[in-house]
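Student: Each chain, letter by letter, is given below.
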Amino acid sequence: MEREKIRQTLEEVYRELAEPEEEDDTYAALLKDWDLGFDYPILDIADTITETVNRLAGKQFAWYWEPLLRDEYAYSGEFAFIMVDPETRECLTLDCETLSVAVVTTLENIEQAVDLVSYLLKCAGVK
Amino acid sequence: MTGVNLDELKKRARESFLEVFNEEVNSDLAEGEEPENPTSFIRFAWEDADPCLCEQVAEIIERSVELTVDRVFLWAHIVESADAERFDPDGWYSFIAVDPETGQCLTLHDDYRGKTILARFRILDEQEAVEAVTKLSCLILENLGVKSEG
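Chains as they are written, first to last, in our numbering: chain A, 54 to 180; chain B, 106 to 255.
For the record, the hints were derived by calculation from the structure and aren't laboratory data.
Among these hints, one or two may not hold up.
What the hints assert, rightly or not - Below, computed lysine to any residue pairings styled on SDA-like, alpha-carbon distance capped at 25 Å:
id, chain 1, residue 1, chain 2, residue 2
1, A, K175, B, P205
2, A, K175, B, L223
3, B, K220, A, D100
4, A, K112, B, G219
5, B, K220, A, R123
6, B, K220, A, L121
7, B, K220, A, E74
8, A, K112, B, N248
9, A, K175, B, T207
10, A, K175, B, W180
11, A, K175, B, T221
12, B, K240, A, W118
13, A, K112, B, K252
14, B, K240, A, T141
15, B, K252, A, E140
The shape of chain B in the complex, shown without the other chains:
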């Protein structure tokens, strides 16, 4: 692969996110139960400071990226907290992806402090989740030598 169209990538990111979200959250609905909406799920995880749900949001993002770029990675993620003394998520998530075949860190990039291995996103609703999947996919593809075009 030498290049990928950005509009196509955004579309794939949205589809992947919704597919993974529905698999993870809405697959075991009881009869008559309303499916969960991504934005309310993400907001509930954040507002209720539920560590398990925040972890689930991060894992949905990771799996969505894998589906978008059609590759599997090794991941580490951080659900950031506004308070060091108790879990108080502020809506920011950081991700580290490593290629299991080459051992290369695929989230390495330059930021204002120099080289960083963390890709950091604020995820408070469905739109920000899809943007995170898109940007994370772009960064990973770029580090794999695939340019985003368009």
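Isolated chain A, as found in the complex:
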């Protein structure tokens, strides 16, 4: 999948889900301008990723995600995602080498978000 297509879809999905008021309030800006305190919009960030994958794959996957904590007072900027195909029950984020069921990655800029969506689409068998 082309990176530009993924970037565009991330922005479209973010506008639909989060309904930002300003034109400049883009998904790229959201990731760039974050501070990791508890006002950090984890829901908008993660839901945009999962919905973008669903949309580009043309399929509704079953998801679990969570933000990882740096300490008691702040997020680390990392997220864990688990993606399951509801028809086959296959855990698509299972890494057979590490035996981890989740993909854990940092989401601090739009390129990392594109990398993650691209990786998740590969897990789902989308070229």
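Start from chain A and add chain B according to the hints.
Tutor: Leaving out everything else, chain B in the frame of chain A:
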């Protein structure tokens, strides 16, 4: 295996839970030290908001399920918090189990929102812990094609 008796499964779940609990919590008692009671251990983890003990409760549930169904799984669990800004467990735990052989998610089921991969339980005492082990075992067996009967 084509079917499993529910009463038998409940009995196995209770036995497994107590066995794992005693292995994990009561195996290194000093002489004269009283063994820990499951309900007070679970309640202490919750009331004291101790993340390590809450993690231990979740791991005891996971190991108990494995013993009950005699299979090993890959797990993820969530100790839920009532407050996003600090760890304040509300007694709810969620579990995700994956079959390491097939890669299938064995906790996938329908709930009011549609398909979910989380099996969620409130665990505040021994009885609720055993119920969680029983229900989680049933769900996993069902996803493995084994029906619970009775």
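Student: Going straight from one Cα to the other, do K175(A) and T221(B) come out at no more than 25 Å?
Tutor: Cα-Cα ~22 Å, so holds.
Student: Starting from K175(A), check that the Cα of P205(B) is at most 25 Å away, please.
Tutor: The hint holds at about 20 Å.
Student: Would you check the hint for K112(A) and K252(B), treating anything up to 25 Å between C-alpha atoms as holding?
Tutor: violated, 29 Å
Student: Given the hint that K252(B) pairs with E140(A), does the C-alpha gap stay at or below 25 Å?
Tutor: At roughly 19 Å apart (the allowed maximum being 25 Å), E140(A) and K252(B) satisfy the hint.
Student: Hinted pair, alpha-carbon criterion (25 Å max): K240(B), T141(A). Please report holds or violated.
Tutor: holds, 22 Å
Student: For a C-alpha distance cap of 25 Å, please report whether K112(A) and N248(B) respect it.
Tutor: With a Cα-Cα distance of about 21 Å, the restraint between K112(A) and N248(B) holds, given a limit of 25 Å.
Student: Given the hint that K240(B) pairs with W118(A), does the C-alpha gap stay at or below 25 Å?
Tutor: Between K240(B) and W118(A) the Cα gap is close to 23 Å, so the pair holds against 25 Å.
Student: Holds or violated: are the alpha carbons of K112(A) and G219(B) at most 25 Å from each other?
Tutor: holds, 14 Å
Student: For the pair we were handed, K220(B) and L121(A), check the Cα-Cα distance against 25 Å.
Tutor: holds, 24 Å
Student: Would you check the hint for K175(A) and T207(B), treating anything up to 25 Å between C-alpha atoms as holding?
Tutor: The given pair, whose Cα atoms are some 19 Å apart, holds under the 25 Å limit.
Student: Is the straight-line distance between the alpha-carbon of K220(B) and that of R123(A) 25 Å or less?
Tutor: violated, 30 Å
Student: Given the proposed pairing of K220(B) with D100(A), does the C-alpha separation stay at or below 25 Å?
Tutor: holds, 16 Å
Consistency with the previously given hints fails for numbers 5, 7, 13, ordered from lowest to highest.
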